[in-house]
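Engineer: So the sequence lines, in the order shown, correspond to chains B and F.
At position 123 of the first sequence (counting the first as 1) the number is 123 in UniProt numbering, and the numbers step up by one without a gap.
At position 167 of the second sequence (counting the first as 1) the number is 167 in UniProt numbering, and the numbers step up by one without a gap.
Accuracy of the hints is not assured; some may be wrong.
[Claimed, not checked] Taking lysine-lysine and the DSSO-like style, the derived pairs with C-alpha atoms no more than 27 angstroms apart in a straight line are:
hint: 1; chain 1: B; residue 1: 70; chain 2: F; residue 2: 414
hint: 2; chain 1: B; residue 1: 137; chain 2: B; residue 2: 167
hint: 3; chain 1: F; residue 1: 249; chain 2: F; residue 2: 117
hint: 4; chain 1: F; residue 1: 384; chain 2: F; residue 2: 117
hint: 5; chain 1: F; residue 1: 278; chain 2: B; residue 2: 70
hint: 6; chain 1: B; residue 1: 70; chain 2: F; residue 2: 54
hint: 7; chain 1: F; residue 1: 278; chain 2: F; residue 2: 193
hint: 8; chain 1: B; residue 1: 70; chain 2: F; residue 2: 114
hint: 9; chain 1: F; residue 1: 384; chain 2: F; residue 2: 287
hint: 10; chain 1: F; residue 1: 114; chain 2: F; residue 2: 384
hint: 11; chain 1: F; residue 1: 251; chain 2: F; residue 2: 414
hint: 12; chain 1: F; residue 1: 384; chain 2: F; residue 2: 278
[Said to hold, decoys possible] Here are the simulated distance ranges between beta carbons:
hint: 13; chain 1: F; residue 1: 63; chain 2: B; residue 2: 111; range: 38 to 46 angstroms
hint: 14; chain 1: F; residue 1: 364; chain 2: B; residue 2: 103; range: 30 to 38 angstroms
hint: 15; chain 1: F; residue 1: 360; chain 2: B; residue 2: 50; range: 47 to 55 angstroms
hint: 16; chain 1: F; residue 1: 59; chain 2: B; residue 2: 163; range: 27 to 35 angstroms
hint: 17; chain 1: B; residue 1: 110; chain 2: F; residue 2: 153; range: 48 to 56 angstroms
hint: 18; chain 1: B; residue 1: 110; chain 2: F; residue 2: 147; range: 50 to 58 angstroms
hint: 19; chain 1: F; residue 1: 112; chain 2: B; residue 2: 100; range: 57 to 65 angstroms
hint: 20; chain 1: F; residue 1: 49; chain 2: B; residue 2: 137; range: 32 to 40 angstroms
hint: 21; chain 1: F; residue 1: 63; chain 2: B; residue 2: 103; range: 53 to 61 angstroms
hint: 22; chain 1: B; residue 1: 47; chain 2: F; residue 2: 373; range: 40 to 48 angstroms
hint: 23; chain 1: F; residue 1: 63; chain 2: B; residue 2: 69; range: 53 to 61 angstroms
hint: 24; chain 1: B; residue 1: 110; chain 2: F; residue 2: 59; range: 51 to 59 angstroms
hint: 25; chain 1: F; residue 1: 249; chain 2: B; residue 2: 123; range: 19 to 27 angstroms
It should be emphasised that the hints constitute simulated quantities derived from the structure, not laboratory data.
In this text, a Cβ means the ideal position worked out from N, Cα and C, and glycines have one as well.
One-letter residues, chain by chain:
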Amino acid sequence: MAKQYQFKLVLLGESAVGKSSLVLRFVKDQFDDYRESTIGAAFLTQTVALDDGSTVKFEIWDTAGQERYKSLAPMYYRNANCAVVVYDITQPASLEKARTWIRELQRQADPSIVIALCGNKLDLAARRQVTQEEAQKYAEEEGLMWGETSAKSGEGVASIFTSLAKKLPQTAPPPQTRGGGAVRGAPGARAAVDLNSNTNGGQDGCNC
Amino acid sequence: MDEEYDVIVLGTGLTECILSGLLSVEGKKVLHMDRNDYYGGDSASLNLTQLYRKFRPDQTSPSELGRDRDYAIDLVPKFIIASGELTKILVHTDVTRYLEFKQIAGSFVYRDGKISKVPSTEMEAVRSPLMGVNMDNDSMKSVYEKFGLEPGTQDFIGHAMALYLDDDYINKPARPTYDRIILYTSSMARYGKSPYIYPLYGLGELPQSFARLSAIYGGTYMLDKTIDEIITDADGKFIGVRSGEEIVKAKQVIGDPSYFGAGQAKEGGKMRVVEEDKVIRAICILKHPIPGTEDADSVQIIIPQNQVHRRNDIYIAMVSSTHNVCAKDVYIAIVSTIVETSTPELEIKPGLDLLGPIYDKFVSVTPLYTPTSTGTLDNIFVTKSYDATSHFETVVEDVQDVWTRVVGKDLVLKKREVEVEQ
Chain B
1 MAKQYQFKLV LLGESAVGKS SLVLRFVKDQ FDDYRESTIG AAFLTQTVAL DDGSTVKFEI
61 WDTAGQERYK SLAPMYYRNA NCAVVVYDIT QPASLEKART WIRELQRQAD PSIVIALCGN
121 KLDLAARRQV TQEEAQKYAE EEGLMWGETS AKSGEGVASI FTSLAKKLPQ TAPPPQTRGG
181 GAVRGAPGAR AAVDLNSNTN GGQDGCNC
Chain F
1 MDEEYDVIVL GTGLTECILS GLLSVEGKKV LHMDRNDYYG GDSASLNLTQ LYRKFRPDQT
61 SPSELGRDRD YAIDLVPKFI IASGELTKIL VHTDVTRYLE FKQIAGSFVY RDGKISKVPS
121 TEMEAVRSPL MGVNMDNDSM KSVYEKFGLE PGTQDFIGHA MALYLDDDYI NKPARPTYDR
181 IILYTSSMAR YGKSPYIYPL YGLGELPQSF ARLSAIYGGT YMLDKTIDEI ITDADGKFIG
241 VRSGEEIVKA KQVIGDPSYF GAGQAKEGGK MRVVEEDKVI RAICILKHPI PGTEDADSVQ
301 IIIPQNQVHR RNDIYIAMVS STHNVCAKDV YIAIVSTIVE TSTPELEIKP GLDLLGPIYD
361 KFVSVTPLYT PTSTGTLDNI FVTKSYDATS HFETVVEDVQ DVWTRVVGKD LVLKKREVEV
421 EQ
């Protein structure tokens, strides 16, 4: 049977670099010029099919604006398998901010986390302030994946998530799931408790 | 910060975060601030660095205890009672997506000098005679007399099952005691080993999950923000809060007692909170499970007051690496009770004595504050401190109570419909 993986992906980056737009493009293939922050979605999911027939399902966590005033909860990084750290190629300060987030991830997140650095707003390349060489050199030094995207045109978006999907099964430990999707009946350990099971009645299984 | 909000919430304890989450879902524009650079206020779980910063600012944590990030030490010893109101809120708001729970492995009671498991058969035996009682008229005292229950069994019913902290319930009608016993037994029946469940990575995950709920519904979060002043108009009505030179306005403010003068000298304004009791809590780091608990990875032990000649029960709550709150082979036990004398640490000795050798101990004596007014006149709504009970039912009561005063109608939990977009 083809393998199915599930990974938690967290988005990081300065406000207004296009984190939510990037996910919206990846998950729904949509773009909205005036999109404000994501309201009401705990997380989005998207599945990537790989050449060998296996599938990788991303559970994508948006910051919900909590990054704005240094108020991202530790829970956000908890059990994250991968992170996409976004900067805006027209704003050099946003790359500096991305470096800060990467240091934060190296400090707080699981050491096995796979990090992709992503230069967004490639459609505004005429106003580019961050060179590819600079970003790529930094990514290489820190062992990060790197790519440039335009959430607006869609360029590069699928490729950065697909690269992550290819790399993760090789590097990440077996995925840990949370909440209703908890691994049940694992030998030896006492299984997690599913709060939804008794009250909801119906089948719950995967929450997605 | 020059925007105007519907509600400013001060402090990111569980009570405030549940309110903030529910208010945001309801469509209110919420600004949530905390003076600390971490979530959770008095209901936070701290890593070793944060724990030492709080209790022993002049020391660093010993490297022998392992990695800092493996620790999430609760400040308040509470468990979630499986069939209780907090569980309902967790499920209805869907924050269970962010959390994973495990059972607490055992529930013990101290009787005649030793601890023993709270047996489920005994619970059934207790429940059936209560069936034939006029719940609303008969007192528990008359129930005990009617069935000739000896003091030890009374302690067991009132303290180990109904989870009363003292014996005041005995002269009151049987109904509330019966309801509490039903809550205990149905919670016990739900997962089997104990009536309690516990979130992986510590209780501090609970406020964080509700804060995220608030944020995804538009709530704005600011940690590490000093609150210098609560600004009111000439009639004492709330206008806004000041942080340094910045002033932010809102229609209403909700906050924990520490933002409304708790523990500070009066500065001429209104007395907004009063101290009721004091609780002593001793966070104990152990290198072994508690003796006599069959090496359980997590337990609650109740020492009923009569057993140690006190007015209030002593509680022990212990969790361990199974719950991802500490390094492997470390156990975190909190011994607590309501303070009755001027030497509170002596009062918890019967509890400390049950733990075996204690590697390290962090003791705090915390006043419990309660607001002096309902807040409906001045739009200032103060929550209560976390009490000495073993679970979160009184926290939810406070949430419901504050909600009713802030919103003007009772809290009705609706299942959220659109949650995960695909």
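Engineer: Which hint numbers does the structure go against, in order from smallest to largest?
Structural biologist: 1, 3, 4, 5, 7, 8, 9, 10, 13, 16, 21, 22, 23, 24 and 25
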